[in-house]
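The listed protein sequences derive, respectively, from chains Y and X.
Going by our numbering, the first residue of the first sequence is number 2, and it counts up by one from there.
Going by our numbering, the first residue of the second sequence is number 495, and it counts up by one from there.
The hints are simulated quantities; they were obtained by calculation from the structure and are not laboratory data.
In this text, all values refer to a predicted model and were calculated from it rather than measured experimentally.
Backbone N, C-alpha and C define an ideal beta-carbon position, used for all residues, glycine too.
Just so you know, not all the hints are guaranteed correct.
[Stated by the list, open to error] Heads up, incomplete: computed chain Y residues facing chain X, CB under 8 Å, no partners named: (1) Lys30; (2) Lys88; (3) Asp121; (4) Cys126.
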Amino acid sequence: MLRHRLAVTISAASILTLAVAGCGGTTKKNSSDTGGGAQTAASANPNAQLKTGLKIAYLPKQLNNPYSDVETSGGEAAVKELQGEYKKVGPNDASASSQVSYINTLIQQQQDVIVIAANDPNAVCPSLNQARSAKIKIVTFDSDASKACRDIFINQATTEGIGESLAKMALEQAGADGGQIAVLSATPNATNQNSWIAVMKTELAKPEYSKLKLVKVAYGNDDDQKSFQEAQGLMQSYPNLKVIVAPTTVGIAAAARYIGSSSYKGKVAVTGLGLPNQMRQYVKDGTVKKFALWNPADIGYLAAYAGAALASGQITGAQGDKFTAGKLGAYTVGANGEVVLGPPTEFTADNIDKFNF
Amino acid sequence: MFKKLASWDSIIILLTVLVLIVASVVVDNFGTSRNFTFMVLDLMPIILVALPMTFIIITGEIDLSVASVLGLTSSLMGWLWNHDMAIQTIIPLCIVIGAVAGALNGFLITGLGLPSLAVTIGTLALYRGLAFVVLGDSAVADFPFNFTGWVTGTLGDGSIPNVLIPIIAMAVVFGVILHATPVGRALYAIGANAQAAHFSGIRVARTKLWLYVVSGAVSGLVGVLWTLRYSSARADNGAGLELAVVAAVLLGGVSIFGGKGSLPGVLAGVVLLTALQNALRLEDVSGQALNIVTGALLVLSVLLPNIVTTVRGNWQRRRLRQSAAQ
C-alpha cells in the first residue's frame, strides 16, 4: 500500500513539474545565445618571423586510419622543417565525444597549435574554446569544427569541386548508355561525405546527367569488412549497376576488391576517392580506370604552416591574410577562415606510379 | 580490522589514493585545478550510471541498456528542442522517459521472469535503434548557453565543477540507502539468495522492478547532462558506456554473482579508471595501450579476489589440519 502511494506521489509530482515547466521557459525560438567564445582579434603582422620550437599537436578523427596517417606524416615533415615539436594523439574510435578528453590533455600540456579533424563540429567546441583562451591556436583539417571555435580550416578541396568531380567520373565510366549508379559512403553522419554526395545529387539532376540514375547510397562505416559486404549487397540488389562511386578511401578499396574478384569485373566500374598505394593493383588489373584525390600529405603539411603562421602572429585567420607554406607556396585565407589546398588530382594507369602515399 | 583492510574494496580505495598521489608527483600537469575539472567531467557519466548499476549487480542482475537509454534521451532531447519545447520541460521529461525505458526492462525481467542479461542486451539494441529513429544521423547543437555552460562550468569561477554537486548528492543518497537502510540490506539478501530473501518477506520482484526504473531515470538524466556537456544531441551519444560502468563497478569490488560489494569501493573504482587514463594520456600513452591497461585491470579485479579467497581457504585448512594433528 505504501509503495503504491509512493508511486502515485512520484507520478503526480513529475506531471506537476512538467505542467509548471510547460508555461514559459527557454525554447529554441526565444533563445538566441549561441555561446560561441570569440577571441579578441589581434592584428596580424605579415612580416613576423615564423617561430621555432613551436609545439604542434595533431588530433585526427581516430588513430590507425591509413588516410589520416598520410595526412599527419605531411604534418610531421612540415613541423620538422619549422624546427618545432611534432606530436600525434587520438582516440581509437571516431565517436563524437572521445576527442574532447584529448583536447583537454593538450591544453594541460600547453601546446602552441592543435591541428584537429573534428568528429563532431559542435561537441569539440567548448574544449577548443578553452584551448583558445589558453592561447593555443586551432587549425582544423579534414572535417571542420564550427567556425566559432577554430582559427583556420584547411579545406582539401571545395565541396563543389569534389562533388562535381565524382559526378563527372561516374558519367565517364557508366558508358555511352548510362544506367544505374550507387554510392558507397563512409558513416551516415560523416560531414564531408554527406556534403559531397549532396553536391553530386545536384549535379545528377542536370540534363547532361539524365542518363545516370542514382539508385542507392550505402554506408560501409569506413570499415573494410562492412564496406565489402555493402558492395556485395549493392550488386545483389541492383545487378544492372554500372558504377559504384565510393567517396571514401576505405570504401573504394573494399568495393574494388569485391568487384575485382567477382564476375562483375569489367562490367561494373569502381570510382571515387582513393589512395594510390591501396588502389594500384586494381588500376593495374583494370578493375578501376580512374579515381581522384588531393594529396593528403599536403593537407597536414599546409596545416602545420598555417598553425605556425598563426602562432607567430603572421596571420590571425582573417580573410585576406597571406602566408607561405614551404614547398607548397603562397596561400591566402578565404572567407570564414578557410584555406583551400587546391584542385584534386585524378589518378589513372598512366600516372599512378608517380605517387607514393 | 584486519579483515576489513584485506577486503577488495579497501584495497581499491587505497590503490586509488596511491595512484592519485603518485600521478600528482610524477605526471606533469596532473595535479592542477584545471585537470581536476576535466577529470570530474570525464567521470561524471560513468559515476552517475554506476550508482544504480551497483544496486542492480548486488542483487545479482545486470542492466546493459543504460548507454542506449542515454542515447535515446539525448536524441529525444534534440528532437523536442527542435520542436520548440522549453528546455525546462524537456529535462524532466527526458528523466521520466528514461524511467519508462527502465520500467520496460524491469517488467520483462520481473514480470515475465526473463534473464536480465538477455533482456538488457535486447533493449540495448532496441533503445539505440529508437534513438536513431528519433534523430536519424543528424545532430542538434543549439542548446542555450546558460545550460550547456553550467554543465562545463565551475562554481564561482573556481576549480570545483558544477556537476560535482549532483554527483556528490546522488552518491550520498545511494550510499545511505545501500549501507544504512533496510532497503539496502534487502538488496544484499536478494543477491545472496533470492529465494531465501523471498521467504523472509522481501518483495524481490517489486524491489528489482524499482531498481530498473531508477537505473533508467538516472541514465535519462545522464543523457541530458551528456548532451549539454558536448552541446550535441546525437543518437550515438554514450555508445559503449555500459562497459566502462560495469568495469568500474566490478573493479570496485562488487561481485558479478551478487550479494557483495560497497558503494565507496565502486566510487574508488570509477576514480581509479578515470585518473589512470587521464595520467597515461598526459604521458602520451596511445589509446590502444590505454585499452590494454583498462582491460588488464578488469581481469585482475576479478582474478585477484578469487586468488585471495583460495589462498586464505588453503591456509585455514592447513591450520585446521595442524591443530587436528596436535
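Now the hints, each set against the structure:
For Lys30(Y), the suggested interface contact is upheld, since its CB lies about 6 Å from the closest CB of chain X, less than 8 Å. Below 8 Å, beta-carbon pairs count as interface contacts, and Lys88(Y) has one with chain X at about 7 Å; its hint therefore holds. With 8 Å as the threshold, the beta carbon of Asp121(Y) comes within range of chain X, its nearest partner Cβ sitting at about 5 Å, so the hint holds. Of the supplied interface hints, the one on Cys126(Y) holds, with its beta-carbon coming within about 6 Å of a beta-carbon of chain X, less than 8 Å.
Every hint from the earlier list agrees with this structure, and none is contradicted.
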